[in-house]
Amino acid sequence: MLNEPVGVRSPQFSNQWIRVTPLGSVAYWYLDSMETVRRLGNMGEGWDGYGSPSIPVRTTIAANYILSLVSQHQVNSPHIAPVPGGGIQLEWDYDNRALEIEIHPSGEINFLIAEGDEIIVKPLHEKLLSPLLTWIQTGYFT
Amino acid sequence: MPSMSSEHHSLPDFAKPPVVETVLDVGFSPLSGWGIPHFGLFWQSIRDEYPTFRDQPPVLLERETFGNKQSQRLNVAFEFLNQPEARCWFEEKSGSRLIQIQQDRFIHNWRKTEEQQEYPRYENVIRPAFEREWDRFCSFLDQQGIGLPEVQQCEVKYVNHVDFDGWESFTHLVDALETWPGSRGFLPLPESASFITSYLMPENAGRLRIIAQPAFRHVDSKSVIQLILMARGQPKSSDRRAILEWFDLGRQWIVNGFAEFTSAKMHHIWERIR
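Taken in order, these protein sequences are the chains called A and B.
FYI, the numbering for the first sequence is 1 to 142, going by this note's numbering.
FYI, the numbering for the second sequence is 1001 to 1274, going by this note's numbering.
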């Protein structure tokens, strides 16, 4: 599970603990997405008009982590939105396919894939991220 | 030979250094008796202090080579393929210290945390903590009949995060950048830059690398300049004293290198003491 993200691993797998994303090789949309997450993290309680709690730091860190992984792939920028209850959702739509990654305030991370009427919701494991991104772009998991 | 204490007092010092993490890394020949169960057995022996573990992919031992010895790199890569594909992180309760273990590595990290903002100093905390944990690891190997590590390489790394506070341009970070294109001619000041420089230590004792790159820090969603100083080399032997001597040398190069590489303007911000 991606409950406790530890950062992006560089290709040689680093011995560092504090992880960052070097900005030399990331997608064009990466910094804008980070700014969006930062703004979401700064929203106060009741941001949705229905008393929703603010988004906890661990959720924004997890979102940053996932976006850092995603930014290494050739994929379009996600739509990033807050979720009532204090979560963050990343979403991509291609043709009749949709991929959503929801980061819950508890630290739990799920993904949803939908194609036509078929919908699957599962916990997200880091190893699944690459196949899911391939699928949303091509319709195939390989 | 000067003692560590006298060397320490001659090194540059800063009241507010930008260091956020230190790494003391010992690479050794793969332990032939080491297997997956040993991660758990070792964890049991340190669990009271290091209650959290995480799985990680192994780190490749990138051996420094000097002259035309590139073939060694291939040998090491081959050894790497035969290892259990595992590295374990054991995190200390306070969140400021980490032990990383894999079949051919022992790594001890310190990092800055919310609670521990001040760098605790190499000679007071970082070095003694490594010494204690290395001894404990070697005792464990001995108890398990695995044998002591045959050390191939040591690495000291200081990771500095330079926030965009109190300085206006990337060129202010490093004196040498003042004369880069963009400082005095048609081009405007560079908004960003990345570079890697390496320096050979005398008598092939090792190599110092300085790496600067703009980066995004996840924990607080901030853009920073990550300035890494990393010294690698082979200690004279595998015993603890030789390892610590090499770490002292590597750290000496890092501290002197940092002071020489960065600008007086930044030293003022970091409150240089000597």
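What the hints contain is simulated information worked out from the structure, not anything from laboratory work.
Since the model is a prediction, treat every value here as computed from it, not as a measurement.
Please note that the accuracy of each hint is not assured.
To be verified - Which chain A residues stay away from chain B? Per the calculated CB distances, all over 12 Å, these:
| # | residue |
| --- | --- |
| 1 | 21 |
| 2 | 35 |
| 3 | 106 |
Said to hold, decoys possible - Derived BS3-like pairs: lysine-lysine, alpha-carbon spacing no greater than 30 Å straight-line:
| # | chain 1 | residue 1 | chain 2 | residue 2 |
| --- | --- | --- | --- | --- |
| 4 | A | 127 | B | 1093 |
| 5 | B | 1222 | A | 127 |
| 6 | B | 1236 | B | 1093 |
To be verified - Okay, the calculated bits of chain A under chain B, using three or more residues with CB under 8 Å as the criterion:
| # | stretch |
| --- | --- |
| 7 | 37-44 |
| 8 | 63-70 |
The beta carbon of each residue, even a glycine, is placed where N, CA and C say it ideally should be.
Tested hints:
{"no.": "1", "hint": "21", "in the structure": "violated, 5 Å"}
{"no.": "2", "hint": "35", "in the structure": "violated, 8 Å"}
{"no.": "3", "hint": "106", "in the structure": "holds, 18 Å"}
{"no.": "4", "hint": "127/A to 1093/B", "in the structure": "holds, 28 Å"}
{"no.": "5", "hint": "1222/B to 127/A", "in the structure": "holds, 27 Å"}
{"no.": "6", "hint": "1236/B to 1093/B", "in the structure": "violated, 34 Å"}
{"no.": "7", "hint": "37-44", "in the structure": "holds (count 3)"}
{"no.": "8", "hint": "63-70", "in the structure": "holds (count 3)"}
Hint violations for this structure: numbers 1, 2, 6, all remaining hints satisfied.
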